[in-house]
Amino acid sequence: MVSNASYQPYPQQRLTFVLVHGSWADAHFWDGIAAALYRNGHSVYVPEYAGHGVDPNKNVTHAMVTKSVVDFITQLNLRDIILVGHSFGGTVVQKTAEQVPDRIKRLVFWDAFVLNNGESLADELPPQTRQGFEQLRASSKDDTIMLPFPLFRDLFVNTAPLEVAKQMYAVITPEPAKPLFEKLDLKVFYELPTPKSYVYFYQDNVLPQGEGFGWNPHMSTRLGLFRLIVGDGDHMTDSRTGPAMVAQKLYEAGRD
Amino acid sequence: MVSNASYQPYPQQRLTFVLVHGSWADAHFWDGIAAALYRNGHSVYVPEYAGHGVDPNKNVTHAMVTKSVVDFITQLNLRDIILVGHSFGGTVVQKTAEQVPDRIKRLVFWDAFVLNNGESLADELPPQTRQGFEQLRASSKDDTIMLPFPLFRDLFVNTAPLEVAKQMYAVITPEPAKPLFEKLDLKVFYELPTPKSYVYFYQDNVLPQGEGFGWNPHMSTRLGLFRLIVGDGDHMTDSRTGPAMVAQKLYEAGRD
Amino acid sequence: MVSNASYQPYPQQRLTFVLVHGSWADAHFWDGIAAALYRNGHSVYVPEYAGHGVDPNKNVTHAMVTKSVVDFITQLNLRDIILVGHSFGGTVVQKTAEQVPDRIKRLVFWDAFVLNNGESLADELPPQTRQGFEQLRASSKDDTIMLPFPLFRDLFVNTAPLEVAKQMYAVITPEPAKPLFEKLDLKVFYELPTPKSYVYFYQDNVLPQGEGFGWNPHMSTRLGLFRLIVGDGDHMTDSRTGPAMVAQKLYEAGRD
Numbered sequence: 004m005v006s007n008a009s010y011q012p013y014p015q016q017r018l019t020f021v022l023v024h025g026s027w028a029d030a031h032f033w034d035g036i037a038a039a040l041y042r043n044g045h046s047v048y049v050p051e052y053a054g055h056g057v058d059p060n061k062n063v064t065h066a067m068v069t070k071s072v073v074d075f076i077t078q079l080n081l082r083d084i085i086l087v088g089h090s091f092g093g094t095v096v097q098k099t100a101e102q103v104p105d106r107i108k109r110l111v112f113w114d115a116f117v118l119n120n121g122e123s124l125a126d127e128l129p130p131q132t133r134q135g136f137e138q139l140r141a142s143s144k145d146d147t148i149m150l151p152f153p154l155f156r157d158l159f160v161n162t163a164p165l166e167v168a169k170q171m172y173a174v175i176t177p178e179p180a181k182p183l184f185e186k187l188d189l190k191v192f193y194e195l196p197t198p199k200s201y202v203y204f205y206q207d208n209v210l211p212q213g214e215g216f217g218w219n220p221h222m223s224t225r226l227g228l229f230r231l232i233v234g235d236g237d238h239m240t241d242s243r244t245g246p247a248m249v250a251q252k253l254y255e256a257g258r259d
Numbered sequence: 004m005v006s007n008a009s010y011q012p013y014p015q016q017r018l019t020f021v022l023v024h025g026s027w028a029d030a031h032f033w034d035g036i037a038a039a040l041y042r043n044g045h046s047v048y049v050p051e052y053a054g055h056g057v058d059p060n061k062n063v064t065h066a067m068v069t070k071s072v073v074d075f076i077t078q079l080n081l082r083d084i085i086l087v088g089h090s091f092g093g094t095v096v097q098k099t100a101e102q103v104p105d106r107i108k109r110l111v112f113w114d115a116f117v118l119n120n121g122e123s124l125a126d127e128l129p130p131q132t133r134q135g136f137e138q139l140r141a142s143s144k145d146d147t148i149m150l151p152f153p154l155f156r157d158l159f160v161n162t163a164p165l166e167v168a169k170q171m172y173a174v175i176t177p178e179p180a181k182p183l184f185e186k187l188d189l190k191v192f193y194e195l196p197t198p199k200s201y202v203y204f205y206q207d208n209v210l211p212q213g214e215g216f217g218w219n220p221h222m223s224t225r226l227g228l229f230r231l232i233v234g235d236g237d238h239m240t241d242s243r244t245g246p247a248m249v250a251q252k253l254y255e256a257g258r259d
Numbered sequence: 004m005v006s007n008a009s010y011q012p013y014p015q016q017r018l019t020f021v022l023v024h025g026s027w028a029d030a031h032f033w034d035g036i037a038a039a040l041y042r043n044g045h046s047v048y049v050p051e052y053a054g055h056g057v058d059p060n061k062n063v064t065h066a067m068v069t070k071s072v073v074d075f076i077t078q079l080n081l082r083d084i085i086l087v088g089h090s091f092g093g094t095v096v097q098k099t100a101e102q103v104p105d106r107i108k109r110l111v112f113w114d115a116f117v118l119n120n121g122e123s124l125a126d127e128l129p130p131q132t133r134q135g136f137e138q139l140r141a142s143s144k145d146d147t148i149m150l151p152f153p154l155f156r157d158l159f160v161n162t163a164p165l166e167v168a169k170q171m172y173a174v175i176t177p178e179p180a181k182p183l184f185e186k187l188d189l190k191v192f193y194e195l196p197t198p199k200s201y202v203y204f205y206q207d208n209v210l211p212q213g214e215g216f217g218w219n220p221h222m223s224t225r226l227g228l229f230r231l232i233v234g235d236g237d238h239m240t241d242s243r244t245g246p247a248m249v250a251q252k253l254y255e256a257g258r259d
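Residue numbers (my numbering), protein chains in the order written: chain A, 4 to 259; chain B, 4 to 259; chain C, 4 to 259.
So here's chain A without its partners, still in its complex pose (with noise of 0.2 Å):
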């Protein structure tokens, strides 16, 4: 999986990963990403957040999404944190950064937005996924978004075997949909020093890759001076298929 073999001789360096997973997930989306980290002697934790996992109120909003990252590392006192986010997550990533800077070492985008100061997700959607987003919330009941199969197999897992595919989609929830549209005060993020990477997988798709729109550089490049790593995978096929791939891009993005 890894390509470069002369990485080898290198022991690991030990970290402490909080990965922060995105929308139409859990935090079992990092359960063979976060095996593969350990067995490599990094401390790995993974925070689930509130309107997902066994949470049964999906009416949250961004500031309680936080809320559940920031309360889980500071009530485990967590320090020195590469603090990755996946997809949504990174915008998770950006608030608890602000509240949180001095418990963390880097911060590490994974095909993650990023979003400008005033910024919804919602608004770095391109108009016609932004408008089945709409049309998806107004037909729920509860004010969540369901991703349709069709759509979560071209997108999401463009690469998975169908088998995996279904498997990955099967244990979807519908996605509390208020945090994807509210418009964040990001004034605080752009002023952090903290060192930032951010991982590109060239086969991702869930935002079309070019001008106005895209992972990377259209997001990447909001960071300042940050640290690229590409990898070979789409936006969620390799938690599952490769997750030691993906576990040494997250090592390559947030060692020192």
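Everything labelled a hint here was simulated from the structure, so no lab data went into it.
It is possible that part of the hints are untrue.
Copies of one chain are not kept apart here, so a pair can be met inside one copy or by any two copies together.
[Claimed, not checked] List time: in silico EDC-like cross-link candidates among lysine to aspartate or glutamate, alpha-carbon distance up to 20 Å: (1) Lys108 <-> Asp157; (2) Lys190 <-> Glu127; (3) Lys70 <-> Asp58; (4) Lys70 <-> Glu185; (5) Lys108 <-> Glu166; (6) Lys169 <-> Asp259; (7) Lys144 <-> Asp58; (8) Lys108 <-> Asp74; (9) Lys108 <-> Asp259; (10) Lys169 <-> Asp29; (11) Lys181 <-> Glu137.
Dock chains B and C against the given chain A, drawing on the hints supplied.
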């Protein structure tokens, strides 16, 4: 060749592929790829079209080219087709899909033109390339365009060993010019609900990669919702040197 | 390391490489790559240029740098050269090609600057980077620029293990600033019919990837018709950790 070993445990779904080649090629372009698909259990059809292969008449229109493919499909009564177009073949796939939509399961464009309604292929070429094509066309006696070897070598088979480049060049013949300059009515195409995929090889430089030109995202995003599959290859070399890799990518693009 | 096993059956054509390093490097940058090319039967030359290596004088101009390379080539009477420039070395290749065009078989730019006529390298930097360079320049006593380690680590050797990054940083010295800010007359370069190639490593983030900046397609397409070769690497790391891979890519760029 296949990037992710974890794909192996799942037996391949059996699909029916119809493979439509591009310019400066004939149906033999697909020989290795078709054999690799066939070995994996798929049905594979490789129509030749007007003005190509053994057809002595180079004075053909885009409609004649499309008719060849449509007739091939209807006469063999093919259904549930994965219809694949490479390069210029993308425009043939667009027009074919308009005529036999009910026979098609999914459209796959592999570094292929996806024209806007009312456009010609020539409209999508960078000005310099278009000028070059127009000069080559004007200097021919039968309204064809023959690629000079240095251009073919550096743009179409850039990753090939010289020996392979020469072998591939030896079998190409002058391309009928008219279909490349005809503007196509594609209103019906853009109403089709048929699922679509785009396969992009990132060393392909036939179209310069960037805004205003290029395969992905410039052409691909015209498909609306589509499944992206990315591979390491150029425009033509891998059909000869890596057919099993290409077959795998086409399968990933075509499967449910 | 080499991606396509089918390249192996063809013995490598024997070429004459002249390798021109970039900023914050000296001729030893090429040690591993030159050895790999030599092992494959090529002649390899690695000129040092003014202001670099053992030269104690940092007060140099772009013309002096170019003269070093031109003199090296003419004194050794080299012909049929594959002239390779890396990074800043691209600008040296441009000016050298103007002076000894008849000795050059092909120009190869590897994540290298290709300046427009009348531009300086600094004109191609994003505003923030340019500002940073100007501040570093102003704070030096001898009109040089020294990269701080965090910037070198995250931008130039982003994929490297920390140990490798430190080893590579330990040998770099302050870079003469003047040649980076001199505007170059390149009218002759843009009239040269010499074949050209561009080698792009997709984890290279020294220039942000996107419109207005970046190696490919922003710099590369200035070459007009060119052969593109893409590899998995960053700006400098692979010269140390994957020299055989780099050598293979330069060979693919340089062969007939």
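Hints, one by one, checked against the model:
1. Lys108 <-> Asp157: For Lys108 and Asp157, only the inter-copy Cα distance (14 Å) is at most 20 Å; the intra-copy one is 35 Å.
2. Lys190 <-> Glu127: within (18 Å within a copy, 29 Å between copies)
3. Lys70 <-> Asp58: So Lys70 and Asp58 pass the 20 Å test inside one copy only (14 Å; across, 58 Å).
4. Lys70 <-> Glu185: The answer is within: 15 Å in one copy meets 20 Å, while 52 Å across copies does not.
5. Lys108 <-> Glu166: Between. Shortest inter-copy distance 19 Å satisfies the 20 Å Cα cut-off; intra-copy 38 Å does not.
6. Lys169 <-> Asp259: between (38 Å within a copy, 11 Å between copies)
7. Lys144 <-> Asp58: So Lys144 and Asp58 pass the 20 Å test inside one copy only (17 Å; across, 61 Å).
8. Lys108 <-> Asp74: So Lys108 and Asp74 pass the 20 Å test inside one copy only (18 Å; across, 49 Å).
9. Lys108 <-> Asp259: within (9 Å within a copy, 43 Å between copies)
10. Lys169 <-> Asp29: within (17 Å within a copy, 38 Å between copies)
11. Lys181 <-> Glu137: within (11 Å within a copy, 45 Å between copies)
Checked against the numbered hints above, the structure breaks none of them.
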